[in-house]
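Take the sequences, apply the hints, and build the full model.
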Amino acid sequence: MSLIELKNVAAFYGPSQALFDVSLSVDEGEVLALMGRNGMGKTTTVKVMCRMLKNSAGTVQFVGQDIGGLPSYKAARLGIGLVPEGRRCFANLSVFENLIAAARKGAWDFTAVCQLFPRLEERRDQSASSLSGGEQQMLAIGRALMTNPKLLILDEATEGLAPVIRHEIWEAVAKLKSETGMAIIAIDKSLKELGQVADRAVILEKGRTVWTGEFGDLGPEETDRYLGV
Amino acid sequence: MNVTALAVLLGVPLWALAADEPFIITLATRAAIFALAGVGLNLALGTGGLVSLGHAAFFGIGGYAMGILASHAQAFAPIMEAPFLIEGTKSMPMIWLVAMLSSALAALAIGALSLRTSGVYFIMITLAFGQMIYYFAISWPAYGGEDGLSIYVRNEFPGLNTLVPMQFFGVCFVILCLALLLMNAIHKSAFGLALSAARQNETRVLSVGMKPYNLRLVAFVISGAVTGLAGALFADLNRFVSPTMLSWQMSGEIIIFIIIGGVGRLFGPVIGAMIFILLEHTLGGLSEFWHVYLGALLLGIVLFAKGGVIGALAGREKAHD
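Protein chains in written order, with the working numbering: chain A, 1 to 229; chain B, 1001 to 1321.
Take the hints with a grain of salt, since some may be wrong.
[Said to hold, decoys possible] Listed next, the in silico DSSO-like pairs over lysine-lysine satisfying Cα-Cα at most 30 Å (straight line):
id, chain 1, residue 1, chain 2, residue 2
1, A, Lys-206, A, Lys-7
2, A, Lys-150, A, Lys-7
3, A, Lys-150, A, Lys-189
4, A, Lys-74, A, Lys-54
5, A, Lys-150, B, Lys-1211
6, A, Lys-150, A, Lys-175
7, B, Lys-1211, A, Lys-74
8, A, Lys-105, A, Lys-54
9, B, Lys-1211, A, Lys-105
10, A, Lys-206, A, Lys-189
11, A, Lys-150, A, Lys-105
12, A, Lys-189, A, Lys-175
13, A, Lys-74, B, Lys-1188
14, A, Lys-192, A, Lys-206
15, A, Lys-7, A, Lys-54
16, A, Lys-150, A, Lys-192
17, A, Lys-105, B, Lys-1188
18, A, Lys-54, B, Lys-1211
19, B, Lys-1211, A, Lys-7
20, A, Lys-7, A, Lys-192
21, A, Lys-206, A, Lys-150
22, B, Lys-1188, B, Lys-1306
23, A, Lys-74, A, Lys-7
24, A, Lys-150, B, Lys-1188
[Said to hold, decoys possible] Covered stretches of chain B (in silico footprint by chain A; criterion: 3 or more residues with CB under 8 Å from a CB of chain A, positions within the stretch not fixed):
id, region
25, 1182-1194
26, 1204-1217
[Claimed, not checked] Chain A is nowhere near these chain B residues, computed Cβ spacing over 10 Å in every case:
id, residue
27, Ala-1016
28, Gly-1284
29, Leu-1297
What the hints contain is simulated information worked out from the structure, not anything from laboratory work. Beta carbons: idealized from backbone N, C-alpha and C, even for Gly.
Below you can see the structure in the form of structure tokens.
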């Protein structure tokens, strides 16, 4: 049984249709790369998965349960952890406060998060607004982990970060995969870095799933045609 | 700064006691009670970002809880006999409990409806609820209507003579300190942090599995209960309760205490209430139009010291100390 499964999903922003026919699934312990050029519906698909946007057609199932009617906070409680695009930490709270504000019982606690990102321990009492972009990203991932999710969604987790920090974050993602077996959906523009962790890939084009397969099967034809690289 | 504020609030009545100035003790008691009301509202306004213009409703409900219980006890007449007997009481702890419960219930009902809105709609709906209760009190002849309700004795607290101004101040001061401890604990708890986070980014809070509406409702109820307790003490201080306690001007004054001291600052309402009482006493003696000067002070704070007096002195980094 898939951990999350979207079948023929369509969604609108007001009168504008953003998703027409998106289907994808992620199994437990699997890392899925969700790919596509800008504006093709990746973040909208994430919003549908997190129930921040209702789908007008199709089904969204999480652990076999139809979550189409759930509000976003209930979807999060079921175990969908989101690291949103643009990080958006709670600026007025300290690192420690950001983490414990979202905490739910489970293996991931402050100590475990700091083992993954030791910098957060060093910045424990510092205001989130005073962190560097990379540290804020680590905090955003840590905050999602503190909810003890079954599925972690990383939406452009390394966008705009220095190569050294990007490397550090991808290393942490790889560690999450190898040591915890957490299911992950990763959205990123870097094929090389996605390739280090992703098992499978889904490509979206104009709100439709146009390619699904093993990440290693992505050839020049697909990357050139759908990703423009 | 926080310790200084409490030391001044405690020191002034002690000096007044030594100098045989009971009126000053009463002023300090008034400041402590207003500070308590502000501490209550500050949870909703400062931490939760909920600009409630209806908190006078809870202040007044607390006042009327005291007035109704004490007036029945004074007249040896039960409040109701059927279906079960409810008698009045002069016991302060019992009155406080009733005041807090009734204010909390009112806050639950008002909050459950008004928290479905936000921004200016939230302000207007809380104002509307407040005015609804105000007009109800005016048209309630059983408890004085527009003239209010006088209580001829001060209520009792075990082991104290509450008619002695310094002893009644002590009661109010201790309650204020307990409320500050409670708010500090709430602010540092996961609930308080989540409430603060909901003020900053509602969508993000939803995405980590928390419902901002529930967080805000709980905060609104706690806030209402603490403000209601302040209302009961205020009515006891004056031995009088009237619809004025429920008016929108009262809601505005509680907000003013917070703005003067610093929105979201634990001790903001304490400093704000002390400055308010000081201005009321000093400027009020010079001119009946002293509110003009208060308005000028508020303008100055809003324009030049957005963290209030504490923000101006301690800096923005220490926002929640």
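Hint by hint, here is what the structure shows:
Our distance criterion of 30 Å between C-alpha atoms is met by A/Lys-206 and A/Lys-7, whose separation comes to about 16 Å. The hinted pair formed by A/Lys-150 and A/Lys-7 meets the criterion: a straight-line CA distance of about 20 Å does not exceed 30 Å. Restraint check for A/Lys-150 and A/Lys-189: satisfied, since their Cα atoms lie roughly 24 Å apart, inside the 30 Å limit. Proximity of A/Lys-74 to A/Lys-54 is assessed by CA-CA distance (about 14 Å); at most 30 Å being required, the pair is judged to hold.
For the proposed pair A/Lys-150 and B/Lys-1211, the alpha carbon gap of about 20 Å is at most 30 Å, so the pair holds. For the proposed pair A/Lys-150 and A/Lys-175, the alpha carbon gap of about 16 Å is at most 30 Å, so the pair holds. A distance of roughly 9 Å separates the Cα atoms of B/Lys-1211 and A/Lys-74; the hinted pair therefore holds under the 30 Å criterion. Among the hinted pairs, A/Lys-105 with A/Lys-54 is consistent with the structure: their alpha-carbon atoms are about 28 Å apart, no more than 30 Å.
A hinted pair counts as satisfied when its Cα atoms are at most 30 Å apart, and B/Lys-1211 with A/Lys-105 qualifies at roughly 17 Å. For the proposed pair A/Lys-206 and A/Lys-189, the alpha carbon gap of about 17 Å is at most 30 Å, so the pair holds. At most 30 Å may separate the alpha-carbon atoms for a hinted pair to count; A/Lys-150 and A/Lys-105 meet this at roughly 13 Å. Distance check on the hinted pair: A/Lys-189 and A/Lys-175 sit about 20 Å apart at the alpha-carbon level, within 30 Å; holds.
Between the alpha carbons of A/Lys-74 and B/Lys-1188 the distance comes to roughly 25 Å, so the proposed pair stays at or under 30 Å and holds. Taking the CA atoms of A/Lys-192 and A/Lys-206, the gap is near 23 Å; set against the 30 Å cutoff, the hint holds. At most 30 Å may separate the alpha-carbon atoms for a hinted pair to count; A/Lys-7 and A/Lys-54 meet this at roughly 14 Å. This hinted pair checks out: A/Lys-150 and A/Lys-192 have alpha carbons roughly 25 Å apart, not beyond 30 Å.
At roughly 18 Å between alpha-carbon atoms, A/Lys-105 and B/Lys-1188 fall within 30 Å of each other, so this suggested pair holds. Proximity of A/Lys-54 to B/Lys-1211 is assessed by CA-CA distance (about 17 Å); at most 30 Å being required, the pair is judged to hold. The straight-line distance between the Cα atoms of B/Lys-1211 and A/Lys-7 is roughly 28 Å, inside the 30 Å bound, and the hint therefore holds. Our distance criterion of 30 Å between C-alpha atoms is met by A/Lys-7 and A/Lys-192, whose separation comes to about 28 Å.
With a C-alpha separation of about 29 Å, the suggested pairing of A/Lys-206 with A/Lys-150 holds against the 30 Å cut-off. Simply put, B/Lys-1188 and B/Lys-1306 have alpha-carbon atoms about 23 Å apart, close enough for the 30 Å limit, and the pair holds. Only pairs whose Cα atoms come within 30 Å are accepted, and A/Lys-74 paired with A/Lys-7 is accepted, the gap being roughly 20 Å. A distance of roughly 28 Å separates the Cα atoms of A/Lys-150 and B/Lys-1188; the hinted pair therefore holds under the 30 Å criterion.
Counting residues of the region 1182-1194 of chain B whose C-beta lies closer than 8 Å to any C-beta of chain A gives 3; at least three are required, and the coverage claim holds. Beta-carbon proximity to chain A at under 8 Å applies to 8 residues in the region 1204-1217 of chain B; the threshold of 3 is reached and the given coverage holds. No beta-carbon of chain A comes within 10 Å of the beta-carbon of B/Ala-1016; the shortest separation is about 39 Å. Every CB of chain A is more than 10 Å from the CB of B/Gly-1284 (nearest about 37 Å), matching its label as outside the interface.
For B/Leu-1297, the shortest C-beta to C-beta distance to chain A comes to about 26 Å, beyond the 10 Å cut-off, and the non-interface label holds.
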